[in-house]
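Student: In case you want the letters, here they are:
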Amino acid sequence: MATSHYKYLKTNDYHQKALTKAWSRGVAIFFVTGAVSGTMLSFELGLLWPEFMLHAGPIFGMPFSLEGTAFFIEAIALGFYLYGWDRFNKWFHWFTGVVVGLSGLASGILVVSANGWMNSPTGFDYVDGKYINIDPIAALFNDAWFTQALHMSLAAFAATGFAVAGIHALMLINGKNKVFHWKAFRIAIVYGGIAALLQPISGDISAKDIAVRQPAKLAAMEAHFETSKSAPLLIGGIPDVEKKEVNYGIKIPGALSFLAHGDFEKEVIGLDQFPEDEQPPVMITHFAFQIMVGLGMIMMVLSILYFFSTWKKKYWQEKRWFLWLFVLATPIGFMAVEAGWTVTELGRQPWIIYGFMKTKDALTPIPGIQISFMIFTAVYVSLSVIVSFLLYRQIKSLPNMEGEQPAENQSSTQH
Amino acid sequence: MLYVVIVFLCLAILMYLLLGGADFGAGIVELITPRAVREKVRTITYSTIGPIWEANHMWLIIAIVILFVGFPPIYTMLSVHLHIPLVLMLLGIIGRGTAFIFRHYDAVKDDMQRVYNLIFTYSSFITPFFLGVIAGAMVSGQIDPNAPDFYSAYIGSWLHLFSISVGIFTVAICGFLAAVFLIGEVEDEAIKALFIPRAKVLTFLTFISGGFVFLAAEIDGLSLTKEKFTDWVSLSFLILATICLFVLWKYLRTGHKTICRLLAGFQITLILGSFGYHYFPNFIIVKSGENLSLFNSGAMGLPIETLGWALLLGSLLILPSLFYLIYSFQRRPAEL
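Listed in order, the protein sequences are those of chains E and H.
This note's numbering numbers the first residue of the first sequence as 250 and each following residue consecutively.
This note's numbering numbers the first residue of the second sequence as 36 and each following residue consecutively.
Treat each hint with caution, since some may be false.
In the DSS-like style, the derived pairs of lysine-lysine whose C-alpha atoms are separated by at most 30 Å in a straight line are [what the hints assert, rightly or not]: (1) H:Lys292 to E:Lys266; (2) E:Lys645 to H:Lys235; (3) E:Lys270 to H:Lys75; (4) E:Lys427 to E:Lys266.
Hint data in this document are derived by calculation from the structure and do not stem from the laboratory.
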């Protein structure tokens, strides 16, 4: 949004202004849904896990209090931005849009840091069942925060970039406002594409990190039942938890050892090193991991395709198959994000604070929590239906903009 | 540093009641205006609270974060024993916030608008009601950590006359705040003439429901009335608030919008201050008498220190920009 706004301010291109306004309506819809969900989250932590919050609140509260600040700033900046057209100095107005983006990114990183603490608890001493000598700053910069925050920030850019690009690709196939939608598509896919290309590097850093910190999670992701040297990398496959085997998978010898420790020979700890009641659920963690990686790979290939075609085969971009590929990829970024969270959350089980507190011990004593689960699931499902419906209506009602302005001033320099 | 954190907690609660309250009230006012002019009310509401409403609701998040970082026993006690009203309040918050934005950003204005309006107005009513119920339950002394059965642990903790009366009182306060706030924005004299009697009715309701809180306390066997009338500071706050009410009525007629708003805000501050002073430093009155106060349940040491610093630094960024936001859109409401 800020990028198209910048282009508008620089080139005075009518389309870029319309695009900025269209995207800012999307931002407004998502922000309110995010804001109420954020309010929910701060309550639900206690409504569901009071025992966890009783002890963890003071330790990992630092990222939450900073996140509150970032969120507040985002809300203020959005107020300026959405309602500030033609009221303020145009660069001040643009800057508030940049602040919306930056503070959004900052709150994302901070919340992920809080989750990182659950995976890698630091900043306290655990003595006789009590959490003492609390150091919230050490907890904020726990061992997991950087790898997780990097991975999630890139994922957010990739998912949003691909989703937005996909919607505009669909509009291009429909053939209305072509010039406008091309401009939109290019901005979105450059963000999404660069993030998707960087993501495997970040994934590799994460893999090496959890191989050391949370070997049980890695073992569950890979359905790696027995500790072994030169462990194979498993692609696909259905883990049989009873027999501790994997059926139908492809195994690449030594590759897991290499990915985890940078050495084809090195030993990778398997699930057999953990007592039964400290093993994460293998089946779902493994599937979610495969889905995440698979979707990530597809996005990477599509990014290469886009950049290659811009460089060498410009005429590909006129073809329907090219656009259809991106239309089909619209939801996959978000699906990958959800799968990734499934991996990190289920892979941590049975722990809520890794190594210190089990999830079942943190649960609220109130009976009938399933009812509350069902209500909130219903609320969120209907919210997502309404949000999609609104976005669809927003896109559909874009006015016809062909030929209102000489459109041939597309800046070919992307960022 | 503990005091800094407590000041911020009180500030966040007060700001939420004032700004968030005026927001909720806008929905309540919409509910009681005749259908013919509702559309007009909606437009006024949107142009005045649209730019700032997101920020208004951040105060609640700030208050909750302060509670769980700084006072985890209080936060835990609330979320276990007041689970049900909290969930109902959250549903209200979700419904209201999303309906407010959705009805504006839906590109096609069709029957869906009716659905959004319905959700918006009713959740504007439900949310402050349960906020009040929660506040009432916190000081009612009915929360019992050693409760033997489901009913007394999770329902009896909040379902009694006193909490409900505080809930009604909170709704009335919100409606009152919004009515005073919105009158300032109405330029059309005909609509203004419709608004003023409604503002008065809401003021009157605030007064009556305030009295009802004391009555309910008596019926429920709480010693609120007796304590109140022997506590001179908090009593004088209440008396001052009532006097403000009469001054406010006078100014409503002549239409000084800034004075009216300041008076209404001041009055609500006094009411909250009166009750806050009365119970301070206790935050939750527990049945067994082991009350949770801001002094005995704070997380000591570094967590409080860092929280205090984070709040101070955050407010350096937030308060000036928030002030500028409100100021800019006060001078000239957003155009649609």
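Student: Against this structure, judge whether each hint is valid.
Tutor: Status of each hint after checking the structure:
{"no.": "1", "hint": "H:Lys292 to E:Lys266", "in the structure": "37 Å, violated"}
{"no.": "2", "hint": "E:Lys645 to H:Lys235", "in the structure": "45 Å, violated"}
{"no.": "3", "hint": "E:Lys270 to H:Lys75", "in the structure": "25 Å, holds"}
{"no.": "4", "hint": "E:Lys427 to E:Lys266", "in the structure": "16 Å, holds"}
Of the numbered hints listed earlier, those contradicted by the structure are 1, 2.
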